[in-house]
Amino acid sequence: NAGVTQTPKFQVLKTGQSMTLQCAQDMNHEYMSWYRQDPGMGLRLIHYSVGAGITDQGEVPNGYNVSRSTTEDFPLRLLSAAPSQTSVYFCASSHGTGLQETQYFGPGTRLLVL
Amino acid sequence: GQSLEQPSEVTAVEGAIVQINCTYQTSGFYGLSWYQQHDGGAPTFLSYNALDGLEETGRFSSFLSRSDSYGYLLLQELQMKDSASYFCAVRDDTGRRALTFGSGTRLQVQP
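So the protein sequences, as listed, match chains A and B.
Position one of the first sequence corresponds to residue 118 (our numbering), numbered consecutively onward.
Position one of the second sequence corresponds to residue 11 (our numbering), numbered consecutively onward.
Everything labelled a hint here was simulated from the structure, so no lab data went into it.
Owing to the predicted nature of the structure, the values given are computational and were not obtained by experimental measurement.
One side only, chain A facing chain B, incomplete, derived with CB under 10 Å: (1) Q154; (2) G159; (3) L160; (4) G175; (5) F207; (6) F222.
Beta carbons are placed, not taken as given, at the ideal position from N, Cα and C, and that holds for glycine.
Hey, can you work out the whole structure from these sequences and the hints?
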């Protein structure tokens, strides 16, 4: 199993450009999420999905869109990039086992917006 | 809302024992998790406590006191490779199946 994969690894954008960060998992997990991590900080939830066709907003959703057409894929779209979106983006997936929710993270996408 | 507090940085020497504390505030508690993140890497799961007490996994142990809203991660026989950031996390209390993370504790292991 590849686990959670993300592409690209690095990206430089100009203000106003749009792009899509790709995320895929091969563990058949129903739950997927996107986090952003800024220097010296923890991870903040952007959007999440509890299954194909179902998405919802997290803590910091503004400026981002998501869709979940399949169980495997959960792309994150930046609509009009801003310097404040410079960050490292992590995709994660999980399957619930009772109350425990162990998240499996992808390697991250490092985004710089100029 | 939820909040987690943990020290920003801890330094220890190789072979020693170090404890990383975490206090939390949440309206609905589903357990405390710990994640490790090396520089440039992704967070990886270390441990989970749902009930009071100590959970041991090799050199790492995690403790929880629900009455004190407090937990800690204990790392024994420190190795240089343990230099990383450690995050405590609680499950979101708004019904989202997500985690709310602390800001992380950067552990530096010195020779």
